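A.B. asks: Starting from the structure of chain A, add chains B, C and D where the hints point.
Protein chains: 4
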Amino acid sequence: MSEYIGHLINGEIHSDKSQTQAVYNPATGAVCANVCMASQETVAMAISSAKQAYPAWRNTPPAMRAQVMYRFKQRLEENQDIICELISREHGKVLSDAKGELARGIENVEFACGIPELLKGEHSRNVGRDIDAWSELQPLGVVAGITPFNFPAMVPLWMWPSAIMCGNTFVLKPSERDPSCVLYIAKLAEEAGLPKGVLNVIHGGADVVNQLIDDDTIQAVSFVGSTPIAETIYKRASEKGKRCQALGGAKNHAVIMPDADLDNVANALMGAAYGSCGQRCMAISVAVAIGDKVADALIDKLKPQVEALKVGPGSDDRNEMGPLITSAQRDKVSQFVAQAIEQGAEVIVDGRELVIAGHESGFFIGGTLFDKVTPDMDIYQQEVFGPVLVVVRVDSLEEAVALINRHEYGNGTCIFTRDGQASRYFSDQVMVGMVGINVPLPVPVSYHSFGGWKRSLFGDLHAYGPDSVRFYTRRKAISQRWPSGEVKDGTLFSFPSL
Amino acid sequence: MSEYIGHLINGEIHSDKSQTQAVYNPATGAVCANVCMASQETVAMAISSAKQAYPAWRNTPPAMRAQVMYRFKQRLEENQDIICELISREHGKVLSDAKGELARGIENVEFACGIPELLKGEHSRNVGRDIDAWSELQPLGVVAGITPFNFPAMVPLWMWPSAIMCGNTFVLKPSERDPSCVLYIAKLAEEAGLPKGVLNVIHGGADVVNQLIDDDTIQAVSFVGSTPIAETIYKRASEKGKRCQALGGAKNHAVIMPDADLDNVANALMGAAYGSCGQRCMAISVAVAIGDKVADALIDKLKPQVEALKVGPGSDDRNEMGPLITSAQRDKVSQFVAQAIEQGAEVIVDGRELVIAGHESGFFIGGTLFDKVTPDMDIYQQEVFGPVLVVVRVDSLEEAVALINRHEYGNGTCIFTRDGQASRYFSDQVMVGMVGINVPLPVPVSYHSFGGWKRSLFGDLHAYGPDSVRFYTRRKAISQRWPSGEVKDGTLFSFPSL
Amino acid sequence: MSEYIGHLINGEIHSDKSQTQAVYNPATGAVCANVCMASQETVAMAISSAKQAYPAWRNTPPAMRAQVMYRFKQRLEENQDIICELISREHGKVLSDAKGELARGIENVEFACGIPELLKGEHSRNVGRDIDAWSELQPLGVVAGITPFNFPAMVPLWMWPSAIMCGNTFVLKPSERDPSCVLYIAKLAEEAGLPKGVLNVIHGGADVVNQLIDDDTIQAVSFVGSTPIAETIYKRASEKGKRCQALGGAKNHAVIMPDADLDNVANALMGAAYGSCGQRCMAISVAVAIGDKVADALIDKLKPQVEALKVGPGSDDRNEMGPLITSAQRDKVSQFVAQAIEQGAEVIVDGRELVIAGHESGFFIGGTLFDKVTPDMDIYQQEVFGPVLVVVRVDSLEEAVALINRHEYGNGTCIFTRDGQASRYFSDQVMVGMVGINVPLPVPVSYHSFGGWKRSLFGDLHAYGPDSVRFYTRRKAISQRWPSGEVKDGTLFSFPSL
Amino acid sequence: MSEYIGHLINGEIHSDKSQTQAVYNPATGAVCANVCMASQETVAMAISSAKQAYPAWRNTPPAMRAQVMYRFKQRLEENQDIICELISREHGKVLSDAKGELARGIENVEFACGIPELLKGEHSRNVGRDIDAWSELQPLGVVAGITPFNFPAMVPLWMWPSAIMCGNTFVLKPSERDPSCVLYIAKLAEEAGLPKGVLNVIHGGADVVNQLIDDDTIQAVSFVGSTPIAETIYKRASEKGKRCQALGGAKNHAVIMPDADLDNVANALMGAAYGSCGQRCMAISVAVAIGDKVADALIDKLKPQVEALKVGPGSDDRNEMGPLITSAQRDKVSQFVAQAIEQGAEVIVDGRELVIAGHESGFFIGGTLFDKVTPDMDIYQQEVFGPVLVVVRVDSLEEAVALINRHEYGNGTCIFTRDGQASRYFSDQVMVGMVGINVPLPVPVSYHSFGGWKRSLFGDLHAYGPDSVRFYTRRKAISQRWPSGEVKDGTLFSFPSL
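Keeping their order, the protein sequence lines are chains A, B, C and D.
Residue numbering for the first sequence is 7 to 504, as defined by the numbering used here.
Residue numbering for the second sequence is 7 to 504, as defined by the numbering used here.
Residue numbering for the third sequence is 7 to 504, as defined by the numbering used here.
Residue numbering for the fourth sequence is 7 to 504, as defined by the numbering used here.
Chain A on its own, in the form it takes in the complex:
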């Protein structure tokens, strides 16, 4: 009865139903579709499709490749309502949030439009007498991307537009939890003129991922997800001698300085902690208050707001927060909360008992707020990926930075202050890849790159932006000298230098 979601291979939807998996509407708990899980043959077919599309696409001038991106941007904008509904239906996030996500994804398409500028190599006349040298950034071949459920539209757009603009062809394995919008978007790309086979989409689980990584045709692997899987993928790709960038989890701290405007801070934290039900790798999950006075006042301001959170189905845009992605995830978050209470955290708002009338089977949980959380508690150490904000109290900025630097993750962080010196000390010393100064979710714009430090990212190059061009290309260095007819060259046995 429900729809079957197939793979996109060589421009065709390929629906082998040998193995399928239910896709849920998290707001109702109902199955809304079934997604085909790729067999080994299907994966091989997708890779082969990308391989065959490669030579012609590689040789298409970058400025011509960019024309596809311009039209693609336009089609994304024209169809944003449909895309956002697909996002909200399968992921659960509220529509306005889906729109925010899509807008950031479109930014990445815009960045990819600029590929003729971004692919420029460096040219040096006369590196030696009559010798010129230059570099080119040539495509790798077929590359793969594996993306998470929490940004089903945006994260794939971090990867493949940049990758294919560099001249590669792509096999994308999006999350099997909310696969519809990525397929829809891929079709828009084809309508925009993307040749068949340049972008292929397949669904599946760990087996599919492993097959992608192991296949000799795949030249590079980009991953975004949790840290344990990121690490596994990084090791496996490296074991195959491949380049890999694998982005993992986070525990993002916001530091609140005594000079910060606490009304602003509370408002900012509400969005950053509870938006998208906390299922963002850039969500703020720890508020580090400098001094008890700040902490007390902050709790006073946050408590009524958390209690007043409008939770409900994402399709109703009056809601501020939707459900979690699965019932399993809801249970896991509940256990985190219970454990935290057990370990001595002071619960200020407990969202576990929330029931949404008419959506009793939805995977909802209410916003939860803890005070006096300490670094030894599980709820501090681990990524909860739910609507839980914990307040940790420290005495100084130095102590806050040391705390953050001791955490295993280093994805995002933020400081609230008016003070230039505090912000400079913080941004210089904190061992975190993305830093906000009064910016609660410091996701870099598309023309800067995204990446965490420590165990939040494996690899050396960050996602999207300038780094992505370097990741998706191989440098070729060319040295050129033209012989002059008259002069005969002698033999140089020694190593050549100026």
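Simulated from the structure, these hints should not be mistaken for lab results.
Since this is a predicted model, take the numbers as computed values, not measurements.
Please note that a few of the clues may not be correct.
For identical chains, the list gives no copy identity; a pair is met inside one copy or between any two copies.
To be verified - Here are the computed lysine-lysine pairs in the DSSO-like style, where the Cα-Cα straight-line distance is at most 30 Å: (1) Lys241 / Lys193; (2) Lys246 / Lys460; (3) Lys57 / Lys241; (4) Lys193 / Lys307; (5) Lys241 / Lys460; (6) Lys460 / Lys57.
C.D. replies: What follows is chains B, C and D alone, placed relative to chain A:
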């Protein structure tokens, strides 16, 4: 009686003689020194020294760090004769070749002098209303380099000057075959003002390498050597979740087009194939002649030159070629030659019987030339790392490129031609990282980067030049917004976009 | 009866008919419209409109400004037929040529879309201890552009999209000969969301130009046209202390080497010399043959092709060449031809007597070919801007380069050869801004910049591409240090250094 | 009896004494040397020397040119005491100040060492099918620099090292007030290996300047000095169709916010206002206090410090401030002070009566401080170039910015605050080229560029740093396509596009 070569840790020579290994003069076969092999404690001490030196060095302004490099360049130039003698004595290469090597190493020091320019991040005003963003390239911490015997001065200079100019501190493990010059150079760096502990040098074998890779303090690993070890190191470092660049072996083809001036080609090949006794990862070991006419004429020109090669101790600058690094390597090269003959290659010059009067115990072998080698022979498939040049005959440029692209290695290559179109086809299509157009050894100058393709390099960023700055730094993206006192910010639950 | 073409000021068409001038259809010689010539008040109004639009536009984030460009590109593509008809009707060029022009103009719009990337400043942490520095490229304010008749769509698009993306507002004075398409295009920009007043278009002659240059509000002047006017404008703007880039005339030489394929060369020269009736500042007007053999063969190939040129109204796409822009220009070209014959040039094809049936009043002239032209002749020294190609014979490439370098202009040039060395010598030594190697019209793509040398360009920054961003912005250098509360700073009377 | 200071032409000192001018020791008022003023023939000889040196220098690989700069830096450092004595003797500044000046000049030499990196052009493979394009930054030829008395060592080093590293040759006309150190420095460059004729130094006045500007060989003119002369030079060079950058005067405001630490501010202002006797184009001459409370407190702190200033000969390093450059300048400053009092400014400290025992004939004047200066007073509007600081009182930051933006100059400025928002508002809105945030003299480091806005700079490119490379080079754009033998190209009459 012979000297003991110790480790450089925190500015002091540390000579634990618990385990030592002989260092030979390859021209005489005699032991000229003993090198201390680091114990586990010694390695730990070196890492600890680097770790302690890190905070102060990281916070030293790049322009001040650069002052050390300027003085270091000067001291290298003033002491080049001493350095080249050390190189020649332990490696065997002729002095003029050592000078060429050192000159290219000094180039890397010059590149490192430019660090204030190279470390520039990108700044964007108004990424959103009143939001600015910028990126910084911050140092990693303590990083390690592992370098090969064949360029004992140059390859370490590919790594640590760039790494420490980026603000890192360094543990270097050079080849234990010819360790003296690297230690001497490190002392020059200290004389130039490098603070103690910023650069540490330890000697050892696989155990030391593994300890370096496994130690949690080490943030990144750079390696240059053979492909099997490069691959092992890349996997092991990645297994530890670290960034790694590992440069391996090569089988560099030179394509000779019918329009090339064969006198020039022969001269160029003599230097590129037999210089440094073929022990260069950029040496030309395969000459691909387009057509039998070219091949026959080329053989005619090469044969007398190979036979006339002046082979002898590197200390005598009239020699063109010195010995191999070890007797084992000489035996291995001899076996390659024997096997090639057995497999049907036509030997034109056989250098195996060469004896140098007065240096009968030296590790010498004569220049060897093969014709009619085919891709299935071991001598074609494997890296010989000796003075052996093989000629392969093909019918067209297209065939030559296909041949090269099928080889497992893709380090360097070169085409000899006068024709613009041939050179462009070649440089565009060949799957090799460094391409020469009438440049037999297309080692990029220091301000471009060095790296092969396929199994000649594991990792995504190349060695030295612009890529090295990206390899030795972590990108930090900062987004900044200052609150205006009057305006209160509302909560944004949706994902932030323009 | 005919239409009045007004000014675009603050988003409104402003048609003061106090002074007007006829606009001709060059194919028929008939007046097709009348263009309003701006009074002093009108010019002031346009400047004032731009000034008022400036603050809000300056503060709009670049990524939001870029959205206008994306939509503008789309509208240009959707309306390309209308635009090309307007170009062809008033300029005379054939429709396919108008399409080529527009396509290159749209490329500049694409470049402007990339403004968030292009505006990036440079950020340096720790230029001194705890001092950071960065640069910003801030807009200038109101800037002006003055553009020629020969590319009525493209040349304005070289200027204003880049200028306004940098945050400036613009007053454009296009050629009064063919003003319709630029107005139409400006309206498309408004439909794409460009705020009123950001782009203003006024028509007029020298008085209007002078008023624009003299007005204190105008911060910079871009000009493309003939060298005498370019020079006048450069001097006048500089006299007012303003920055100015003024692109002038050309005499573009193509060098034909003996190894060139003459069929290809002849074909290439036909398009480059006679396309757009020779009215391009990048047209080839001098063919420099190396040796008499090349010259004779070239003449043999060109003669029948010139004679067979299909000349007629641009609206008929079977035609290869349309009329000149005015009857005065036709007479001037005729005089050049007569004078050349008088001065001893050998006329191979004389196009002066051409009459197009049904278009007897059109400003047509036939393709003309001269041989044995010498550097002392007027037809060699001056820019003809008509369908006249002259062949000059020299004995060597060195002589050809010396010839080109002696000419007062240095806009474009080209060499036809297969030889790498010849091309390198040529591109290195020739004192010309844009060099083609087997590319007859080496107009740089939009992401490189356009500019001639010698008297073909006054100013230091070239048009469009990267240079245009620097031209349309002012660099601001910011040095920042935050005080630490505890430490008191001493006075530094000496000049601050590291 | 006193020494004659000659010209440096083609590596030789050329001393025609036909016209000479006294050089004074400002601390004693005595003539310490006579400088030869160049005749027309001498100027022509210098230009000719530069012209002849050009071709060989242009063709020297940049990396080899850089070797001269490395050695030159070393020689500057070795001889810094001699240079600083020469500076102090003829200019009057205290030795520690001269050392600061020289250190900043050496930074520019360091920047020039990086020329191989800085000269890189941009390379694009496949701008169209099989067409590649790249840009080169080629040298201009012979260029000229004209430099002021106040930084006799540093400002010339802003210009010629960058210019000659780009491949140009140079004619420098330093100030005839203090010409010795620049000649000494030029000789060090020759000792460092600079070929004869690459750098030439001539002395003279307006006639020499005009001859340099007018000579057709000179391709570009760089100037630093007062605004009236900068403007004249800019117009004259532009009149000759040349590129020119002319840096003029300044009136640099420091804004003191209520949250600033006034002890720090007072200390910072003392150095920035009175260092080098106020003879710096980056000197702070206006302190803008936000609110009367700040103003009163600031005056209280400044008054005793100004009164306590140690004034005396620069050769005694205990002094904080030396004399002015000439007696005429001293009289001019005195008149400014008198006029200000007359116009109603409140004099807090009046330095006019200062007499230095033992140096009664020196050109000394004491530090002077005014309060309650208003924008209509001459002392506010004009550049005094003496040790005079005026305090202006305003009510808000917005008012301060508006005040600064109304001033004719826009060279440097600074804000003292701890507040991030104030600093951002200020740096964004202020129409000044160089902005300090708690940095009183925000002279950009050598790898950023130096330049004012408004009437402080004529031209579009700033001095030194990245802009200087663009100023001293001409962009050449090369488009390359190699013909394929089999395919015949058709004629393209339309404008070429993708």
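A.B. asks: Each hint needs a verdict: does it hold in this structure or not?
C.D. replies: Hints, verified against the model:
In the homo-oligomer, the alpha carbons of Lys241 and Lys193 never lie at most 30 Å apart, since the shortest distance is 33 Å inside one protomer and 38 Å across protomers. Taking CA atoms no more than 30 Å apart as the test, Lys246 paired with Lys460 passes in both settings, with 23 Å inside one copy and 12 Å between copies. Taking the shortest Cα distances, Lys57 and Lys241 sit within 30 Å of each other both inside one copy (24 Å) and across copies (26 Å). Within a single copy, Lys193 and Lys307 get their C-alpha atoms no closer than 46 Å, and across copies no closer than 51 Å, so neither meets the 30 Å cut-off.
With identical chains, the CA atoms of Lys241 and Lys460 are at most 30 Å apart both within one copy (15 Å) and between copies (19 Å). In this assembly of identical chains, the alpha carbons of Lys460 and Lys57 lie at most 30 Å apart only when taken from different copies (17 Å versus 34 Å within one copy).
Consistency note: the structure conflicts with the earlier hints numbered 1, 4.
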